[in-house]
Amino acid sequence: MSLEKFINQAVSSWMNNEGPQADIVLSSRVRLARNLEDYHFPSLLKADQAEEMIARISEGVQEKYLLELLKMEDLSSLQKRVLVEKHLISPYLADTSAYGAVLLSESEDISIMVNEEDHIRIQCLSPGLQLKETLKKANDLDDAIEAKVKYAFDEQRGYLTSCPTNVGTGLRASVMIHLPGLILTQQLNRIVPAISQLGFVVRGIYGEGSEALGNIFQISNQLTLGKSEADIVEDLISIVHQIIAHEQSAREALANTSSIRLEDKVFRSYGVLTNSRIIETKEAAQCLSDVRLGIDIGYIDNVSRSILNELMILTQPGFLQQYAGGPLRPEERDIRRAALIRERLQLEENC
Amino acid sequence: MICQSCKERPASLHFTKAINGEKTELHLCEKCAQEKGEQYMFSEHPDFSIGNLLGGLFNLNTPFSSQPAQYPQQKVLKCDSCQTTFQQFVNRGKFGCAHCYEAFQDQLTPILKRLQNGNTVHTGKIPARIGGTLYLKREIAELRGRLQQAIADEEFELAADIRDQIRSLEKKVLSEGGES
Ligand SMILES: [Zn+2]
Ligand SMILES: [Zn+2]
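Chains as they are written, first to last, in the numbering used here: chain A, 1 to 351; chain B, 1 to 180.
Bound-form chain A, shown alone:
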C-alpha cells in the first residue's frame, strides 16, 4: 500500500462490487464522530497533544485493521484534492484542520479522519444500499479504537462532539442516489419537503449550491440525538425504499409514454461523450447521468454501470490535473476531460 495507489486510481476497489439496489443507489455511508475525554477539541489542541493523540488512535485500530496513516502536512495540495474528490477526506480536513491525518484501508471502504472537526471521524462506505452492514462495520471500528482510548461521553448527551449538531450518536448515515427519473418528471421538488419533515436532508453531492450535477443526491439524517443508531438507519432505509419506488415508477412512466424521446436523449448524450473534444463538468455530468439511465433501462448494453460513478470522480479538476501531472487552465481541463471520457468509453466497447 502506498500513497500513490490512493491518489492514482479514481475507483476505490469497494466500488467494483455491485450492492443491492445498484440501479438507483450508488453507495451507502456511515460516519461516527468521536472525541477523547482527556484532550481539548481539535480547534484548541496543541501540536504535541495532537501528535500523541494520532499515535494512540492509530495504534489501537491498527492492531485489528490494516490501515495506512497519511498526515495532511505530508501531502501536496493536489494530492489532498484528489482524496477529497474520492470522498476519502473532507475539504475541511484537507484545507483547514491543523494536525489532520487520515487512516485508510486498502480498498478505501474505511477512512478514519483524525483531528477534523472532531478528534475522530470514522467513515465506512459500501456499494448499493447496505446501511445496516455499513453501520456494523463502523461500530466494530469504533470498538477497536475505544479499546485504547477513553471517549468523551455523557449519560444524558451521549458522545460529545465539537458541534451540537452531531452530539448523541455522532452518527451521519447517508446514501448516494441517482434520480434522473424524478428530475425528468419534476417530482423531486415535491418529495424533498416530505423527507425534511422526517428529519432527513436531501442535497446534491457534485456541483455548488442547489445544483446537483449528474442527478446524484445524498440523503442523510439531520438529527443525531434522541434516536438510537439502529432507528436512524432503519428510518433512512425505509425512506430510501420509498424514493426507489418513486424513481422506478418515474422511469417506467418515461419509458412507456415517451420511449423514443428518452431513447433519443440517452443516445444523444452517448454521442456527445464518445465524440466531443471539449466538455465542461456540467455537460459531462448530465450526459453521464443520461447514459447511466440508458444502461439501467436497457437501451445501452455494452457499457458497464459503474461508468457514472467512475467518470464523475475521474473528471473532477483534481484528478484531471493529477493525470496531467500539473496544474491545468479551465479550457485545458475541458479538453482533457473530453479525451479521458472518450478513451474510457472506447475501452468499454472493446471489451
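Simulated from the structure, these hints should not be mistaken for lab results. The structure presented is a predicted model; accordingly, all values stated were derived computationally and were not measured. From the three backbone atoms N, C-alpha and C, an ideal C-beta is built for every residue, glycine too. Careful, some of the hints might be misleading.
[What the hints assert, rightly or not] Covered by chain A, according to a simulated footprint, are these stretches of chain B (three or more residues, beta-carbon under 8 Å):
| # | segment |
| --- | --- |
| 1 | 84-95 |
| 2 | 154-167 |
[Unchecked claim] Now the in silico label distances, taken between C-beta atoms and shown as ranges:
| # | chain 1 | residue 1 | chain 2 | residue 2 | range |
| --- | --- | --- | --- | --- | --- |
| 3 | B | Ala152 | A | Asn16 | 56 to 64 Å |
| 4 | B | Glu157 | A | Glu59 | 53 to 61 Å |
| 5 | B | Gln148 | A | Ala255 | 51 to 59 Å |
Based on these hints, arrange chain B with the ligands on the given structure of chain A.
Using the frame of chain A, we list chain B with the ligands on its own:
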C-alpha cells in the same frame, strides 16, 4: 431594514457569512432565516456557521445587531477546562472541549431542542467502559414507567413483580460500581 431574501418582510435576524476569509452580512426575516437556517445549519461545513445562526437567533451576535438595548455586563459564563466562554461558543458554534457541555448545561438544553427537533437525551450506543451499568439504568427507568402504569391499573401483583425486578437490577448497578 428589509429582508434581503424575500424583500418583503422586515429583517429581524442578522448573520455574518465568511467565504475565503471575506465577510459579508446577511439580513433576513424570521421566515427566510428559518429556511436558510435549515439549509446551512446541517451541511457539514456550512458557509454560515451554526454559531452565526445561533448568534442571530439569540441576538448575541453584537457586532452589527440592530438590537438597541444595552445589556448590563453579566458574569462571564466560561468553561474552566478550556476557558471557552459561552459567547465564544455561540460565535463559533463549536465547543472547546467535552467539559463545555457541563459548563453550559443550562443554556444548552434549549439550543439542543432547537437543533435536534426537541430531543435532548441520548438513547443510542454507550461506550463499553460504562456500558454495563448505563444499560441497567435505562432498563430500570423503563421498568419504573411500567411500575407506575401497573399501579395506576391497580394490577398490584404485577407491580410487586416489577418492583422486585427493579430492586435486583439496582443491586447489580451497585455491585458493578461503574463510574457514574
Ligand atoms: Zn424574508
Ligand atoms: Zn471547555
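Hints and how they fare:
no.: 1; hint: 84-95; verdict: holds (count 5)
no.: 2; hint: 154-167; verdict: violated (count 0)
no.: 3; hint: B:Ala152 with A:Asn16: 56 to 64 Å; verdict: holds (59 Å)
no.: 4; hint: B:Glu157 with A:Glu59: 53 to 61 Å; verdict: holds (55 Å)
no.: 5; hint: B:Gln148 with A:Ala255: 51 to 59 Å; verdict: holds (58 Å)
The structure shown violates just one earlier hint, number 2.
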